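Engineer: Required output: the full structure, derived from the provided sequences and hints.
Residue-level listing of the chains:
2 protein chains.
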Amino acid sequence: MPLPTSRPTPSGGSGPDLPTATDSGTGVGAGSTGVGPSHMSPGEFRRCGHAVVDWIADYWQDLPSRPVTPPVTPGQVADRLPAQAPETGEDFGTLLQDLDTLILPGMAHWQHPGFLGFFPMTTSGPAVLAQMLTAGLNAQGMAWATNPAATELEQRVMDWLADLMALPDRFTRGGVIQDTASSAMLVALTAALWRRAGEQWRNHGSGPGYTVYTSTEANCSVHKAVRLSGLGDLQLRRIPVESHTQALRPDLLRQAVEADLSAGLTPVAAIATIGTTSTTAIDPLPAVADICRSHDVWLHVDGAYAGVAAICPELRWINDGLEHADSYSVNTHKWLLTGFECSPMWFADPAAVTQAMTVTQSYLREVTGDPRQAPDYRDWQIPLGRPFRALKLWFTLRWYGADGLRAHLRRGVELARIFADLVRGDDRFEVVAPSPFGLVCFRLRADCSVNAQLLKRLNAGGDILLSSTDVNGRFTLRMAAGGTATTADHIAHAWSRIRAEADRLTGTGHRSG
Amino acid sequence: MPLPTSRPTPSGGSGPDLPTATDSGTGVGAGSTGVGPSHMSPGEFRRCGHAVVDWIADYWQDLPSRPVTPPVTPGQVADRLPAQAPETGEDFGTLLQDLDTLILPGMAHWQHPGFLGFFPMTTSGPAVLAQMLTAGLNAQGMAWATNPAATELEQRVMDWLADLMALPDRFTRGGVIQDTASSAMLVALTAALWRRAGEQWRNHGSGPGYTVYTSTEANCSVHKAVRLSGLGDLQLRRIPVESHTQALRPDLLRQAVEADLSAGLTPVAAIATIGTTSTTAIDPLPAVADICRSHDVWLHVDGAYAGVAAICPELRWINDGLEHADSYSVNTHKWLLTGFECSPMWFADPAAVTQAMTVTQSYLREVTGDPRQAPDYRDWQIPLGRPFRALKLWFTLRWYGADGLRAHLRRGVELARIFADLVRGDDRFEVVAPSPFGLVCFRLRADCSVNAQLLKRLNAGGDILLSSTDVNGRFTLRMAAGGTATTADHIAHAWSRIRAEADRLTGTGHRSG
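Taken in order, these protein sequences are the chains called A and B. Sequence positions in the first sequence follow full-length UniProt numbering and run 1 to 513. Sequence positions in the second sequence follow full-length UniProt numbering and run 1 to 513.
There could be a bad hint or two in this list.
[Claimed, not checked] Under the rule of at most 20 Å between Cα atoms (straight-line distance), these lysine to any residue pairs were calculated in the SDA-like manner: (1) 456/B to 367/A; (2) 456/A to 365/B; (3) 456/A to 456/B.
No wet-lab data here; the hints were simulated from the structure. All figures in this text were calculated on a predicted structure; none of them were measured in a lab.
Structural biologist: Pasting the structure below:
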């Protein structure tokens, strides 16, 4: 599709190659004053937009031919970019071309079928289309009044998701979409501190030694939230895990809480995880919840990666204990196809967070409603403004339907099972943690340095990307299935690469029985 | 353009109406396993995507025919939405149709030419197209290594913007894109607290009575950041403003800081504003900076709305004093055409923030780089993950060029000048604060209740939306120009509506000389 090769005239009028019928009228990019900036005309937007849609479809189809991570060194991309912005506007064809030649070669491709590192960050056709619409609408929902439909759709679709995941009733109408699980963590901790401070804020210092509890395996966002909320690093208690499961040890949690209470400190919050980032370990929620209830400690549950697996009945056991959580967050942008960013979060008592977070000014007078009628979601989150993220969750849940979502999740679990079986079939390797979801943690039965070397060689090939972690102090490789483009063939290929590099590193061939 | 009316088969294969040539290959939505979820095929994505692009262009062109805010009451939209997600997938045509019939009638249209409330939240063709591409790439840049090109483009384009705005050299290579100015505020305060605490975190309570200073007119995000960072509400000092300019009074700031020092407290940060949300007042930065430097107080400057005006040489005086700021943030999603969200922020010493924010785990080992070579932007912000926002800033700056950006900004200023002149020409009204940018604050010379009534009647018409604030304790209307679709005709129409409602309310006609 040909793109405009010259800029429109400064008057914003149609160039000779632009259809005049679609260029009339006002709207974004069509200001009718005779002088002013040269906004993109509606006709140009249509033509360039169609080209962008095709570009995305081509990109997805061409992904397997690209290296999953780029062979670049720091500064290499920047060095090819001009030092200054242009004085006069450039045409869209040039921009798209520069994306191809300057940017793409320096990107890691998270949608690549060989992207098996970290966790998958899935998106989908309906999610991308919804994000386009969100960008076009460009309306923000800081309050019910500034976007009533977005607010009500969010509340409804969060109830849909809670229902799909069979969450406890206490979360009904308590849902909100955060950008990321890190922000959800900070919001939860803020609400916990508010509640513990007798619903007054900490006007007289940080109070009687507030303490926070999580496992040594919890996501780094716990630590970040503790810091941001003004507690010292030493006020975060990292409870050891059981070595085989990598799950928090509730006996040690209870000891820590009781020791702090004896020392005159004030336990405020515990963060348990359903599916840790390191190994997808599942903390024993019922036991953790017991301790929290005994001592009025806020229980936040981080299900960023694995929480959505509860959509499948056979994995719903992961919810056990959630009925006692004060807050719960998941990322649909990891495994549930909505694209980045989308972090659904639920509160058992939304008033705890809105009371802690609400600050007002007279310029928001017209958009401050009655929370009993409709939420002003600005008071449920860190930023004041908020994009219309509910649209992509709505589109994604509807396009796939519950059965389509289950099929997608099950494929990730199935590919991980296939991979784990391959690893177990080679006695040079070991699977080092349970793999109930899409992640398999494994290692060569060899020194950490050999495993680090293995990972380095694997990732240098450009066809696959794995990542690593430490499990019980030992360097471990992580293979995360669940990306939409990753098939059994890609898993088989990854394993053949791993075996071949192991052959070279260990000087041995495959020794499975 | 016809959209698919039936779902593809579960195998993900092409239906009879889908072109097979474009449907082959892997990629998002084209998994090749025989069983699995029915991802959208590339052919469907192209067809639906073209329809979405046309939908957006149509939406922008049809905006003037819609009410700027919807005549709905709480619950009205939600009541029409099903209680549960569908069990099986729905086709995309149905989704788009429901957007039209269920959602749009309940939305406030921020891109409407009559949207004159709050501040404009502008977007543009190139920004929306970049957001589409960002959604399609769906790659995240938590670290240089997870998206080298996005990281380096962000650093470069932030230098471009600093150069366009003629920012002090100290901010070069100190730029990062936050989601919103609220998040920027919290990050700045966190860095300030870190620095003041001797670059150690607050392990022993909140320290020796940390205090924060801002004007009574500062954005509510200052208050929210103070709360989130664990300081009490009473630790925020709200310094009164000069009544004519609504700018912070530096004499009172100095008194407050010195009184706190005498009382053994520790002043940590001051937040000054270039263009307050209420009236676009400009705090006296040089005087504020003087006080901050005398007492080692971190100076954060919030230029969320007005900061980008410095792209115009005739408005560059607003930067006066920025050479002493420790951090500075603006929103390009307000006046600079990039769409929501995009909040560029600069640090004079990025190490202050990265040291305060950096937390690590072994699973991030491969993506932790040397900050002297390339930034890992996760350590510059609250969330761990981050979308590729630099792309839309790059596209927007290049499409418009410096002269196009200046033309756009100048049109907003010009429309505000036209409006202010109209208001001044009617002696029933008064302009109550300086209006150097796109905002005019005005009121009837009458009781607050009459002004509140005036606003209510104006906004009930559906053709325009204004908002309000309090200035020197009196109810004041706000008219914000700068939206891309708003022209001199719309400003004239708004004024005729205002005059007509004033006639009815005051029982008088126009009495200008």
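Engineer: For each hint, tell me whether it holds in the structure or not.
Structural biologist: Comparing the hints with the structure gives:
1. 456/B to 367/A: Judged against 20 Å, a Cα distance of about 12 Å means the pair holds.
2. 456/A to 365/B: holds, 12 Å
3. 456/A to 456/B: Distance of about 65 Å is beyond 20 Å: violated.
Figure legend: structure checked against the earlier numbered hints; the only hint not met is number 3.
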